[in-house]
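Which chain is which? The protein sequence lines are A, B and C, in order. Here the numbering used here is used: the first residue of the first sequence is 41, the next is one more, and so on. Here the numbering used here is used: the first residue of the second sequence is -2, the next is one more, and so on. Here the numbering used here is used: the first residue of the third sequence is 73, the next is one more, and so on.
None of these hints come from the bench; they were simulated from the model. By construction, the Cβ of each residue, glycine as well, lies at the ideal position given by its N, Cα and C atoms. Do not rely on the hints blindly, as some may be mistaken.
Example chain A residues on the side facing chain C (calculated, C-beta under 10 Å, incomplete) [what the hints assert, rightly or not]: (1) Gly60; (2) Ala67; (3) His73; (4) Phe77; (5) Ser92; (6) Pro101; (7) Leu225; (8) Val226; (9) Thr227.
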Amino acid sequence: MADMSVIISGFGGQGALFAGILLCHAAVEEGKHTTWFPAYGAEMRGGAVNCSVNISDCEVPSPIIDSADVVIALNEESQVKFEKKVKKGGILIVNSSLSQAAFTRDDINYLKIPFNELAQQLSQPAFINVMAIGVLLEKTGILKSDSVIKAMREMSKNVSAKKAALLPNNIESFEFGTRIIKKQLVTA
Amino acid sequence: METLVYKRPESLLKAEKGGGFTFCPGCGHGVILRTIAELLDEFNIQKDTIAIASVGCSVFMERFLDLDVAGASHGRSTCVATGIKRCKPNNFVLTYQGDGDAATIGFNETIHTACRGEHITTIMINNTNFGMTGGQASATTMLGQVTTTTPYGRKAEETGYPLHAAEIVAQCEGTAYSARVAVSDTKNIRALKKTIKKAFEVQLKGLGYGFVEVLAGCPTNWHMTPTEAVEQIENVIKTVHPLGVFKDITEKESV
Amino acid sequence: MAKELVKGNIAIARAAINAGCQCYFGYPITPQSEIGEYMGAHLPQMGRVFVTAESELASINMVIGAGTTGAKAMTSSSSCGIALMQEALSAMCIAEVPGVIVSVMRGGPGLGNIAPSQGDYFQALKGGGNGDYKLIVLSPSTVQEAIDLTYRAFYLALKYRNPVMLLAEGMLGQMMEPAEFGEYPYKDPDVTQWALGCSHNREARNLVSLYMPEGALEAKINKIFEKYELITKNETTYEEYMLDDAKLVLTAFGTVGRIAKAAVNKAREVGMKVGLFRPVTLFPFPDKELHEVAKNTDLILDLELNKGQMLSDVRSAVFGACPVEFYGRSGGGLLSPDDIFAKIQELYEKIDNKKAAGVV
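Extracted from the complex, chain A is given alone in its bound form:
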């Protein structure tokens, strides 16, 4: 797949915005064109946040996404809000740990994954946002796993030592994410 549009949504603190930036960095690693555009409320913490990410081999004219190839909904509110934004035949990755909402469309693919429960199996702290990026890569192959890991290493160079120390946890969460489908951890 040469082009992809992704919306990642959750509440503040779940790392939806960071996950989008990570995707963009990985896209830059592969020399692709990309845009990241955030949307959030006035709250400094806890409000609803989402970001729109485009990855393409060509110039990206619009950072705004009308309908997304993939939506990652990290909570119920995000699922309800963005289900209709998934392109026909597209993918909705749902964090079933935090969403009980029903699926209302039959023209898209749902991946129901209990991210928060799965995260308990990993070294703590584990990160569901990068787990979800792992799922996205496993499902679509839009970018190489190596590019994401390289991007994580690069990004950890420009953050505080405390955050940089979490790099191994991030990598573990991401790599675990890339095996979730294969391991059949997707719930029905």
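Place chains B and C on chain A using the hints.
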């Protein structure tokens, strides 16, 4: 006994270049500008000075002093001065403002400039009204004072109380020197020069913000003769806006 | 130099530093506070000047002070903050003081909101300040263009001794995309002929906005308007996209320009002859160029995130050469490629119908 040689200061624009005061009879501006010019000569800083012309009769400074001048909008002289001084720390930077400019529309800027301790000098001429626009009440207008906007005298319950600029500026930590003087009699005019000199020195030594408030006559708008205006300063205004040095951080050094 | 992922606001700040910005004066306001934060973190370390001013009134007047010395100075703000600067911007133009103002628009009027908006086209172009004056206004649509136009803003400010505004939207400030900085590409003009400072070897000079003697103000205004003509001749910049055979031409500035491009692509995919004309300099506005475009097309559709502000300049440029329609949203609503495409479909049909009926 000191010998005074009376000559025209170099820092005053020469008559052939269009200089020469055109202020109203009895106006304080001429004496103050001449004093500033004398001091610029004495410190030999005329060619390294940038002055900021403000809004009001003070703007005429630009026509009478032979200096590089930047203009400022109403009340923003100390901001323009801040921009200049931060870029040209070796220049001497002077704002010349009235009470309408520095104490009324621009008092927020005055206070913040003082708090930042900018290495600039402000000379604020306080004639207790907006002179150029025809004598309306300003922040420093005294209670009871008749102006064109307080025709029955300033009343506290209507327009509040007069603002005492030099005292307030003295409260700011970045202020190195703050004082009030008057252009009235010879004694006060000599004190004026000493005081402005001090305010120049704190800038030249890099100690902080220097602020001098000068009580000056505005006979035209006060509807007085020049002599009556001097009496007004001495007998009335000084009782509301008292003369004095409200802050001088060099005092500690000199003791 | 390789491309790196960078956020619009940060790109503007970094480009300003690369351009040799010696001092930044500002007051925080969403959605551009990151510019001031970045400057605060970097300028003092480099021995340059950073001051958080007490207000936007103060920051723009500090820019004036710095500008009178010939220094490269800037401030940044957003809508209501820029409103407070208007008196000073007018004064800068007539006193011929250079400076760079970054305006990252938010929703208005009033405090409005922090959503993307283009509601300040009039503020930038038609002025809230008094008298006859013009800002040079540059409008970036991508992060790369924000960098390139920030460089250009500093250059043009000194070259023409006029304030230059970089007019961006919150969307551009907040979004990230790959871009490269390169080197500041301009050779700055000599400022010693007019800047204030050391007057040992010359007559004292002044830079003021008060011109009382009879005729003085008129002469000065005529002088700066001659300069504006020169700026129009030399600096007018715009982007044309798929115009050669276009029956319908979109006009848009800033990020709406790039979103419109996506709609053009979509229309072209289904065989509709649609193109885009995007002014990059809003003053000077590409009047003549747009007029030529209008002569060769059936309809212009102006797109803006406001109630139709650039529209007045589009209409005046088109001057009846073809009909002009407007489609916009105000108050934080976005125009998406699909929204624009739907409007294109609606209008395109009309063109065809009119043609069939022999109206056009």
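Now for the hints, and whether the structure bears them out:
no.: 1; hint: Gly60; in the structure: holds, 9 Å
no.: 2; hint: Ala67; in the structure: holds, 8 Å
no.: 3; hint: His73; in the structure: holds, 7 Å
no.: 4; hint: Phe77; in the structure: holds, 4 Å
no.: 5; hint: Ser92; in the structure: holds, 9 Å
no.: 6; hint: Pro101; in the structure: holds, 4 Å
no.: 7; hint: Leu225; in the structure: violated, 31 Å
no.: 8; hint: Val226; in the structure: violated, 30 Å
no.: 9; hint: Thr227; in the structure: violated, 33 Å
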